[in-house]
Amino acid sequence: MFLQRPPTSPSIATLLVVSLGLVCSGFLFLGVRHLEHDKADESFRQLARARILTLQRQMQATEQVLKVLNQLFVTVEPVSRVQFRDFTRPLIERHPYLQAFNFHRFVDGSEREAYETAQRAAVEGFALKEMRDGGMIRAAERERH
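When we follow the working numbering, the leftmost residue of the sequence shown carries the number 6, and every step to the right adds one.
Hint data in this document are derived by calculation from the structure and do not stem from the laboratory. One thing to keep in mind: the hints can contain errors.
Claimed, not checked - Below, simulated SDA-like cross-link-like pairs (lysine to any residue); rule was C-alpha separation at most 20 angstroms, straight line:
#	residue 1	residue 2
1	Lys72	Phe89
2	Lys72	Ser85
3	Lys44	Gly26
4	Lys72	Pro95
5	Lys134	Phe111
6	Lys134	Thr122
7	Lys134	Val112
8	Lys134	Arg110
9	Lys72	His109
10	Lys134	Asp113
11	Lys72	Glu118
12	Lys72	Val84
13	Lys72	Arg56
14	Lys134	Arg147
15	Lys72	Phe92
16	Lys44	Arg54
17	Lys72	Lys44
18	Lys72	Pro83
19	Lys134	His109
20	Lys72	Leu96
21	Lys134	Phe108
22	Lys72	Glu82
23	Lys72	Arg99
24	Lys134	Gly114
25	Lys134	Arg117
26	Lys72	Thr93
27	Lys72	Arg50
28	Lys134	Gln124
29	Lys134	Glu118
30	Lys72	Ile97
31	Lys44	Phe34
32	Lys134	Arg149
33	Lys134	Glu148
34	Lys134	Gln104
35	Lys72	Gln104
36	Lys72	Phe106
37	Lys72	Arg54
Since we're looking at a predicted model, the values are computed, not measured.
Please model the complete structure; the sequences and the hints are all you need to start from.
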């Protein structure tokens, strides 16, 4: 007399095969997920290295441009605004990541009036100014501007 199972209940072998299949699928999923994560991580690292290299090259090029610009001030005394503009225009065109060069000159307090008078020849109403209370006003007297 053999014990008979109900026809709808799965056999132990079937349960073992299904369980083993689920475990194998889980391990395969985790393995593939890990590989894809590593692939995305390496791709990110490569892009980051490329960006860093680009930035380093641009910084080195900018340093060279500044050295060249400094040589203008070493060799020409004094540099006029027109000379400065003419000298820097091709540098900005060649290095488009540079937005602008600014021309600033130190003026001793004792030379202020003469400097402002000379600048008025090119720019009507020129005066050294400073920001105060949200607006531009004539700069106060000081040792150096």
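The hints, checked one at a time:
Between the alpha carbons of Lys72 and Phe89 the distance comes to roughly 14 angstroms, so the proposed pair stays at or under 20 angstroms and holds. The straight-line distance between the Cα atoms of Lys72 and Ser85 is roughly 18 angstroms, inside the 20 angstroms bound, and the hint therefore holds. As the CA atoms of Lys44 and Gly26 are separated by approximately 27 angstroms, the hinted pair breaks the 20 angstroms bound. For the hint linking Lys72 to Pro95, the alpha-carbon distance of about 15 angstroms falls within 20 angstroms, and the restraint holds.
Only pairs whose Cα atoms come within 20 angstroms are accepted, and Lys134 paired with Phe111 is accepted, the gap being roughly 13 angstroms. Restraint check for Lys134 and Thr122: the C-alpha separation of about 14 angstroms stays at or below 20 angstroms, so the hint holds. Restraint check: the Cα-Cα separation between Lys134 and Val112 comes to about 13 angstroms, which is no more than 20 angstroms; the hinted pair holds. The suggested pairing of Lys134 with Arg110 holds, with an alpha-carbon distance near 13 angstroms, which does not exceed 20 angstroms.
Taken as a hint, the Lys72 and His109 pair is honoured in the structure, with Cα atoms around 17 angstroms apart against an allowance of 20 angstroms. For the hint pairing Lys134 with Asp113, the CA-to-CA distance comes to about 15 angstroms; that is within 20 angstroms, so the pair holds. Distance hint between Lys72 and Glu118 is unfulfilled; the C-alpha atoms sit about 32 angstroms from each other, more than 20 angstroms. Proposed proximity of Lys72 and Val84 is supported: the alpha carbons are some 16 angstroms apart, at most 20 angstroms.
Between Lys72 and Arg56 the CA atoms are separated by roughly 24 angstroms; this puts the pair beyond 20 angstroms, and the hint is violated. Between Lys134 and Arg147 the alpha-carbon distance is near 12 angstroms, which keeps this suggested pair within the 20 angstroms criterion. Distance check on the hinted pair: Lys72 and Phe92 sit about 13 angstroms apart at the alpha-carbon level, within 20 angstroms; holds. Restraint check for Lys44 and Arg54: the C-alpha separation of about 15 angstroms stays at or below 20 angstroms, so the hint holds.
Of the supplied pair hints, the one linking Lys72 and Lys44 is violated, its CA atoms being roughly 42 angstroms apart against a limit of 20 angstroms. Between the alpha carbons of Lys72 and Pro83 the distance comes to roughly 17 angstroms, so the proposed pair stays at or under 20 angstroms and holds. Annotation: proposed proximity of Lys134 to His109 holds, straight-line Cα distance about 13 angstroms (limit 20 angstroms). Note on Lys72 and Leu96: the hinted pairing holds, with a Cα-Cα distance of about 12 angstroms set against a maximum of 20 angstroms.
About 15 angstroms separates the Cα atoms of Lys134 and Phe108, which keeps this hinted pair within 20 angstroms; it holds. A hinted pair counts as satisfied when its Cα atoms are at most 20 angstroms apart, and Lys72 with Glu82 qualifies at roughly 16 angstroms. Simply put, Lys72 and Arg99 have alpha-carbon atoms about 15 angstroms apart, close enough for the 20 angstroms limit, and the pair holds. A distance of roughly 13 angstroms separates the Cα atoms of Lys134 and Gly114; the hinted pair therefore holds under the 20 angstroms criterion.
Annotation: proposed proximity of Lys134 to Arg117 holds, straight-line Cα distance about 12 angstroms (limit 20 angstroms). Using a Cα cut-off of 20 angstroms, the hinted pair Lys72 and Thr93 holds, with the two alpha carbons roughly 12 angstroms apart. Note on Lys72 and Arg50: the hinted pairing is violated, with a Cα-Cα distance of about 33 angstroms set against a maximum of 20 angstroms. At roughly 13 angstroms between alpha-carbon atoms, Lys134 and Gln124 fall within 20 angstroms of each other, so this suggested pair holds.
Annotation: proposed proximity of Lys134 to Glu118 holds, straight-line Cα distance about 13 angstroms (limit 20 angstroms). Proposed proximity of Lys72 and Ile97 is supported: the alpha carbons are some 14 angstroms apart, at most 20 angstroms. A C-alpha spacing of about 15 angstroms is found between Lys44 and Phe34, which places the hinted pair at or below 20 angstroms, so the restraint holds. Restraint check: the Cα-Cα separation between Lys134 and Arg149 comes to about 13 angstroms, which is no more than 20 angstroms; the hinted pair holds.
Of the supplied pair hints, the one linking Lys134 and Glu148 holds, its CA atoms being roughly 15 angstroms apart against a limit of 20 angstroms. Between Lys134 and Gln104 the CA atoms are separated by roughly 24 angstroms; this puts the pair beyond 20 angstroms, and the hint is violated. Taking the CA atoms of Lys72 and Gln104, the gap is about 17 angstroms. The hint holds against a cut of 20 angstroms. Taking the CA atoms of Lys72 and Phe106, the gap is near 13 angstroms; set against the 20 angstroms cutoff, the hint holds.
For the hint linking Lys72 to Arg54, the alpha-carbon distance of about 27 angstroms lies beyond 20 angstroms, and the restraint is violated.
Of the numbered hints listed earlier, those contradicted by the structure are 3, 11, 13, 17, 27, 34 and 37.
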